[in-house]
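Trainee: Here are the chains, one letter per residue:
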Amino acid sequence: MQATSRRNSELRLLFMALIVGTGALALVAVARDFESLGLAAPLIGAVAVCYIGATIFLRKVARLADPLILPLAAILNVMGLAAVYRLDPDQYGPTQVIWTGVGIACFVVVLIVVRDYTLLSRFKYILGFVGVGLLMIPATPLGTEINGAQLWIKVGAFSFQPGEIAKLCLVIFLAAYLAERKELLAIASSRLAGFHVPDLKHFGPLLVMWGISLAVMFYEKDLGSSLLFFSIFLVMLYIATARLVYVAFGLLLFFAGAFVGYTVFSHVRVRVITWLDVFDPRYIQDEGYQLAQSLFALATGGLFGTGLGQGRPDIIPAAETDFIFSVLGEELGLMGTAAILICFMLLVARGLRIAMNARTDFGQLLAAGLTAIFGIQAIIILAGVTRLLPLTGITLPFMSYGGSSLLSNFILIALLVRISHQTSETPAPAETAEILIGGRG
Amino acid sequence: MPDLVLDLLKYVFLILLYIFVARAVRAVFLEMRPATAQSKTPIAHAPARTAPPSRGSRKAPRKAAVIEGENLRGKTFSLDDDLTIGRAEKNKLVLDDSYVSQFHARISPRGETYVVEDMGSTNGTYLNKRRLTAPAELQRGDRVKVGKTVLEMRK
Numbered sequence: 001m002q003a004t005s006r007r008n009s010e011l012r013l014l015f016m017a018l019i020v021g022t023g024a025l026a027l028v029a030v031a032r033d034f035e036s037l038g039l040a041a042p043l044i045g046a047v048a049v050c051y052i053g054a055t056i057f058l059r060k061v062a063r064l065a066d067p068l069i070l071p072l073a074a075i076l077n078v079m080g081l082a083a084v085y086r087l088d089p090d091q092y093g094p095t096q097v098i099w100t101g102v103g104i105a106c107f108v109v110v111l112i113v114v115r116d117y118t119l120l121s122r123f124k125y126i127l128g129f130v131g132v133g134l135l136m137i138p139a140t141p142l143g144t145e146i147n148g149a150q151l152w153i154k155v156g157a158f159s160f161q162p163g164e165i166a167k168l169c170l171v172i173f174l175a176a177y178l179a180e181r182k183e184l185l186a187i188a189s190s191r192l193a194g195f196h197v198p199d200l201k202h203f204g205p206l207l208v209m210w211g212i213s214l215a216v217m218f219y220e221k222d223l224g225s226s227l228l229f230f231s232i233f234l235v236m237l238y239i240a241t242a243r244l245v246y247v248a249f250g251l252l253l254f255f256a257g258a259f260v261g262y263t264v265f266s267h268v269r270v271r272v273i274t275w276l277d278v279f280d281p282r283y284i285q286d287e288g289y290q291l292a293q294s295l296f297a298l299a300t301g302g303l304f305g306t307g308l309g310q311g312r313p314d315i316i317p318a319a320e321t322d323f324i325f326s327v328l329g330e331e332l333g334l335m336g337t338a339a340i341l342i343c344f345m346l347l348v349a350r351g352l353r354i355a356m357n358a359r360t361d362f363g364q365l366l367a368a369g370l371t372a373i374f375g376i377q378a379i380i381i382l383a384g385v386t387r388l389l390p391l392t393g394i395t396l397p398f399m400s401y402g403g404s405s406l407l408s409n410f411i412l413i414a415l416l417v418r419i420s421h422q423t424s425e426t427p428a429p430a431e432t433a434e435i436l437i438g439g440r441g
Numbered sequence: 001m002p003d004l005v006l007d008l009l010k011y012v013f014l015i016l017l018y019i020f021v022a023r024a025v026r027a028v029f030l031e032m033r034p035a036t037a038q039s040k041t042p043i044a045h046a047p048a049r050t051a052p053p054s055r056g057s058r059k060a061p062r063k064a065a066v067i068e069g070e071n072l073r074g075k076t077f078s079l080d081d082d083l084t085i086g087r088a089e090k091n092k093l094v095l096d097d098s099y100v101s102q103f104h105a106r107i108s109p110r111g112e113t114y115v116v117e118d119m120g121s122t123n124g125t126y127l128n129k130r131r132l133t134a135p136a137e138l139q140r141g142d143r144v145k146v147g148k149t150v151l152e153m154r155k
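Protein chains in written order, with the numbering used here: chain A, 1 to 441; chain B, 1 to 155.
Calculated directly from the structure, the hints in this document are not laboratory data. Please read all numbers here as calculations on a predicted model, not as lab measurements. Quick reminder that beta carbons are idealized off the backbone N, C-alpha and C, glycines included. Hints may be right or wrong, so weigh each one.
Below, a sample of chain A positions facing chain B; criterion: calculated Cβ distance under 10 Å [as the list claims (entries may be wrong)]: (1) E10; (2) L13; (3) A24; (4) A26; (5) A31; (6) I75; (7) G257; (8) V260; (9) G261; (10) P281; (11) Q285; (12) G307; (13) E331; (14) A339; (15) N357.
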């Protein structure tokens, strides 16, 4: 009975999200002209069909899963879609709809393939190597450089960002590895420079994996992903061991890395300079232009925005990817962006709740790690476009234009849904066996 | 389209967006306490047995004894007042167990009998190995399980 009520409340919320999405696209189209309305209708229709299909599918395979994950992903997705469509109704808009469809298909496939998430931990080393391998591909001659960062591979007409999938593989590896050895890592068995540190035997593989991924990302000039991966690693290590000394050590490493980056790479220096003084006349026409335009857009938006389709957010370079939030900031104002932030926070809160309730160490770490990817990534880019932190380019989950990003986010929520379903299926820790016997008798 | 209409639609859209947010927040709260709605339903008998109510009052327990659980084993609690069970310090029986919710379950007198009810816990309360879905009447010998702790009803 509880299962049905969960799926029903999911359906209700999903309907509401789709109504909001329809409204957003309709407003964008109407602001252009009435003919566009007819062109936008099939797009939102297709998205609605995909989402309704997904929730019907959940009734079959994950009845007990958390009812908020899918609707919250949907609202972020449709708001992003409206912004992308608003910027480019002819090319990016329809492409984003196709990628949403592909993403939801991946969501379904992952839920079918991963019937039991605990089995994922068996493939931890394979997934770890696949993750590092995916990160390395763009650094080889296969990769293409776009906007100063070498992150893409081109297959025919499509360009794909393997790093987006690599994140998921590496988090699964970390969760499995840490779940297996969290006691060993929490115990300090040797001493180094006055600190109690765990054996290198247990810690070694982690450091190697971490070092390789960071080195690769640095080489590809992907600052956003380096920062993201560094933070996820720290978060998961802390959750597994509950030892603050790791966090302190990690932060020390971070500041050391940031300092080296600042002195060695000119592009890091420029980011910091434009962050400190965005209106510096030496940079405002080139390196600082993007950030300055983003701030102008947010300022133009004010409290209620200019209305969808009525601003000029297209002035911001890369508005459809990294700066999608500023587009909505200009047209929906503080009220609109606050609503979006609440949705992000709710999704993170649900993810952490799934982590807290998960029955296995692996499940807890995996859910926390996946939620950390989502939450930290959102913070990094939102703080970047609002000039709270130096800008490091990274996509805004579910909202930015881009196939690889959408795909990996749908896989991410599929895993969260799977974990939450399995948690509700097994009522209490030691109770499982008894319940099964009792149920049969 | 006239600017005035577009301006109006802008506010309508923001209201729509916030209706979604409000509903999502409401769903979060409803998820957090699934059993509170059920506590209004009439009291069911202990699921494991079907004793007539007259026997219930005669065999009503007076005390709850901890028979499984880390450092509380052997302790007994009187049932004369409400016995609240949970992780929060305010409970009468405080359990330091990550599978126990802050305010997990309550055993309280109702007429001549005692009733156990789940307070909307995450991991559920078990009466004789069955998960409680509604408040249930207790009899001697019944076992109530909360997290890793098991209480037995005694005279």
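Trainee: May I ask which of the numbered hints given earlier this structure violates, with the numbers listed in increasing order?
Mentor: 7, 8, 9, 10 and 11
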